[in-house]
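**Q** Sequence:
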Amino acid sequence: MMPGLGICLLCISLAAPVSPPPGKSPELVERERQLDSIYNPPVSETGADMHFATRVLDAGTIKENAVPPEYTYTWTNGGDRPVTVLKVTTTCGCAVPSFDRAPVLPGEEGSLKVTYHPKGHPGNFDRRIFVYTDLSGSKPAAVLSLKGFVEAAGVPVWAFGHRMGHLCLKRAEVQIDGARKAVERIMCVNAGDSPLTIGVDKALLPPYLSFRCEPETIPPGGEADLVITYDPGAAPMRMLNVVPMVLTGLDLPPSQRTITVKFKVETNIDR
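Per the working numbering, the sequence shown runs over residues 19 to 289.
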């Protein structure tokens with residue numbers, strides 16, 4: 019080999035562009051790099067003074083329809099200056115931080131909390147939490163992690179906007195045209211751990227309205243239809259615009275287990 023040829027070849031190899039790993043396009047490699055910079059940003063050197071009991075919390079398994087649980091990260095100021103937490107951000111709006119802005123003196127303990135909202139986030143999760151202090155500048159002083167698994171609800175309870183105890187309904191009001199026969203169905207789900215047998219207080223039910231639940235008994239996590247039928251032939255010449263239907267089978271005050279039936283017009287029934 020000619021003198022200097024090895025050095026030239028080395029220079030050429032160093033100057034050549036780095037090929038992406040097999041099976042990955044340059045665009046995918048760049049996207050992964052950007053995501054990594056978001057999830058693993060450079061940390062401020064001042065963060066070394068924040069001694070966390072743990073930087074990774076395992077939330078275990080959370081049910082999707084559970085009340086959002088809260089997790090606490092504790093830390094000690096191991097430096098010689100007070101530290102004030104100014105801002106905490108997360109990689110998902112489902113992880114909501116809260117913290118005290120009071121300065122933590124050297125040797126004293128501070129903490130921050132994260133409330134996790136599992137609704138709409140089934141499956142494994144790993145949320146990053148970025149802690150900024152008065153000493154860290156634009157870089158986070160610490161990067162924390164909250165990991166776990168959200169067990170998907172058999173039925174997306176969060177999609178049922180009206181709750182009567184463990185009975186969740188798509189709606190709690192129906193509108194009926196008083197001039198013609200009608201059947202209205204309300205989808206519902208049993209969000210509790212015990213079966214629900216749903217009926218109606220017949221003493222308060224007018225003769226032109228009937229009610230049934232299909233099925234009559236709803237198993238835990240099961241869906242059902244509340245079926246309301248209107249018979250204009252049994253209605254009086256003039257009716258109330260609003261009729262309450264009080265459900266039975268729920269351990270709630272009547273006002274909290276009532277479906278409202280509204281008639282679109284107050285009219286004389288044409289027989």
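The hints are simulated quantities; they were obtained by calculation from the structure and are not laboratory data. A virtual CB, placed ideally from N, CA and C, is assigned to each residue, including glycine. Fair warning: there could be bad hints in the mix.
[Unchecked claim] Here are the computed distance ranges between Cβ atoms for each label pair:
1. Lys-282 x Gly-251: 14 to 20 Å
2. Gly-179 x Gly-155: 53 to 59 Å
3. Asn-259 x Ser-129: 53 to 59 Å
4. Glu-241 x Thr-92: 40 to 46 Å
5. Thr-133 x Met-255: 55 to 61 Å
6. Lys-199 x Thr-107: 35 to 41 Å
7. Arg-181 x Thr-215: 14 to 20 Å
[Unchecked claim] Below, computed lysine to aspartate or glutamate pairings styled on EDC-like, alpha-carbon distance capped at 20 Å:
8. Lys-188 x Glu-88
9. Lys-81 x Glu-241
10. Lys-220 x Glu-241
**Q** Which of the listed hints are broken here?
**A** Of the numbered hints given earlier, those the structure breaks are 2, 6, 8, 10, listed in rising order.
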